[in-house]
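Student: Protein chains in written order, with our numbering: chain A, 115 to 505; chain B, 137 to 406.
Do not take every clue at face value.
[As the list claims (entries may be wrong)] What follows is a list of derived Cβ distance ranges for each label pair:
{"#": "1", "chain 1": "A", "residue 1": "Gln468", "chain 2": "B", "residue 2": "Asn380", "range": "47 to 55 Å"}
{"#": "2", "chain 1": "B", "residue 1": "Tyr264", "chain 2": "A", "residue 2": "Ile382", "range": "24 to 32 Å"}
{"#": "3", "chain 1": "A", "residue 1": "Gln468", "chain 2": "B", "residue 2": "Tyr264", "range": "33 to 41 Å"}
{"#": "4", "chain 1": "B", "residue 1": "Pro388", "chain 2": "A", "residue 2": "Met386", "range": "23 to 31 Å"}
[Said to hold, decoys possible] Capping the alpha-carbon separation at 25 Å, the derived lysine-lysine pairs in BS3-like fashion look like this:
{"#": "5", "chain 1": "A", "residue 1": "Lys170", "chain 2": "A", "residue 2": "Lys377"}
{"#": "6", "chain 1": "A", "residue 1": "Lys303", "chain 2": "B", "residue 2": "Lys403"}
{"#": "7", "chain 1": "B", "residue 1": "Lys298", "chain 2": "A", "residue 2": "Lys303"}
{"#": "8", "chain 1": "A", "residue 1": "Lys460", "chain 2": "B", "residue 2": "Lys298"}
{"#": "9", "chain 1": "A", "residue 1": "Lys377", "chain 2": "B", "residue 2": "Lys403"}
It should be emphasised that the hints constitute simulated quantities derived from the structure, not laboratory data. Backbone N, C-alpha and C define an ideal beta-carbon position, used for all residues, glycine too.
Residues per chain are reported as follows:
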Amino acid sequence: MASVIHYAPYTGWVYPNETVIEWSVAIVVYPYITGLVAGAFTVSSLYQVFGFERLKPVAHLALLTSLCFMFFVPLPLLLHLGHPERAFNNLLTPHWTSAMAAFGYFATFYIVLLLVETWFAFRPYIVAQAQKANGLGRRFYRMLTLGSYDVSEEALRVDRKWIFWLAIAGIPGAHGLHGYVGFVFGSLKSREWWSSDLMPLVFLFSAIISGVALLIVLYVLSCKLRRTPIDLACVKGLAYTVWAFIIVAFVLEGLEFANIVYKGREGIGMIMAYVTGPLLIPYFVLQFGVGAILPLLWLSYLIWRGTTGRALIAGVTLSACLVLLSVFMMRWNVVIGGQEISKTGKGLLEYPMQILGKEGLISALALVAAPLLVLLGITRLLPPWEHKTAQ
Amino acid sequence: MKREAIGGLLARRRFLRKLGVAGAALAVGATKKEPAAARQSFPTADYDWTKHRWAFGVDATKCIGCLRCVEGCKAENDVPLTAHHFRTWVERYVYLEGENRPRIDSHADPVNIAASGSQREYRFANRYKDAKIEKAFFVPKLCNQCEHPPCVQVCPVGATYKAKDGVVLIDHDYCIGCRYCVQACPYGARFFNEEKGVTEKCTWCYQRITRGLQPACVEVCPVGARVFGDLNDKQSPISLFIRNNRVHVLKPETGNAPNVFYVGLDKEVS
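Based on the sequences and whatever the hints tell you, model everything.
Tutor: This is the structure we're talking about:
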């Protein structure tokens, strides 16, 4: 027993059962990954639905990124469950008053949608490979065609229509999936730090900026690795997108905090002691300062000065890295931060993060890295930049 | 009290007579495919949960902090013997002279655990013996079996549910161990049993009350600080307790409507 309990040291007065922090870093990673899925899908939709031509070079990459991260969304939850073998109870007997009950359906719907949209998006390439490749590759791509070899103009027109409508259905799907994650926290009245009507929106907009930022990093990195020129218009388009959404996310997060402080309900003293003490660096410095204000100012400068070339790429990429850090810190500060403030409003706990174990730091890092490795593999089979070189 | 004790004996006799039936019912239960909430009654076949409306009273002015209730609960309910898992606990509030906020601790506090020398036995260390105490009191805590339980609301699979007699139960064969309920409870009444992979909490000793017995903590309390009974019976200890006192509940602003009623709370108790 003693080996599996990692009790949290505390100061002040906390309820005895609170001394085990139940939602670990795995539950930090879960909304982070889900957010990347929603954000990457947003980029894909900006091109597919809203016709942002500038984002064409990353549209297919965005779709694959979304898909790869979506594969791993259930994993942190499964690692966390006391009885993962009962996870399907969630689908068999969903208890509809729970914000978590719809997760299984949401996730299943969304993963199917992503798979179908990816199939349509890559169908011309799959058909071409099925006819061109040899040996095992030929068999693999033939299987992926699902027996459909028609790549006539008429067939492609139907494909585009499907992609368009799937992308339209995917927007509420992706954003619903993530907004609901915010609701999981925001709907609880037991913790002042979580209980906020703005929480779903805060999660949603931070998800969008994290997804766009990831796409910036992945696009620049993939071009460097492939030794192909970086499309500056595309980078600029992504920079504009992330810049605009950072403002919204930042305002929402600021408003949420202002609400807690201004209302000053019971326990506010402890919250203030927390944010100016243990949370000073994770919250004010990393999430707001380094992760939001700095990239916002930097991007504003780049846009204002009309910077181009290497300086633009370097500036935008580094800003994107900071945004990715900021969003991770936001997840951390919500999930862990919420539990470090005691429900008594009279004490603070300290989350003892484990290094090893299924909910430890290494697992968490692996959970973030694994989708990237799968993405690396999938881009070999379904190159997302193929359509560009074909033009 | 007397009426309940007689009722308890009858219930026990009935229970023993029908042990075979109950055993068969349990065997069926072990292979069930639906949550326990869907069943008619639980855990004994001859207990009708539509006939009772249980409630609990705590007279904080009587509690002496002896912690028999905590130890009795741990023994009765097989609660892990650690300082981090409790179905019931006792809080101590001490106002020292010259201080306007109380110093609060429970028996789970490291200083008190050190005083007892073990996580299996509990006591309050005499840590204020040299201080001038203005006011001090104990407050026993347990699951409030709320009328609108947020833990039940958030359970994604319906493993935790409100029985028709008012007790919030957990189906340990159905719980997936997500711990959303632990987060949702504003009273810190729930904990996660790492060995079993499921959430646990006080059930007012459901295995006892459905046989006409009192919860273990009520049974062992030497000063009568804990009161239990059926609200359907107007002469039950709890009905009298509520009728004869001005009672409070914890965190009423949450809208959870607790069914544990307190006498002798202080503004600092939450």
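Student: Which hint numbers does the structure go against, in order from smallest to largest?
Tutor: 5, 8
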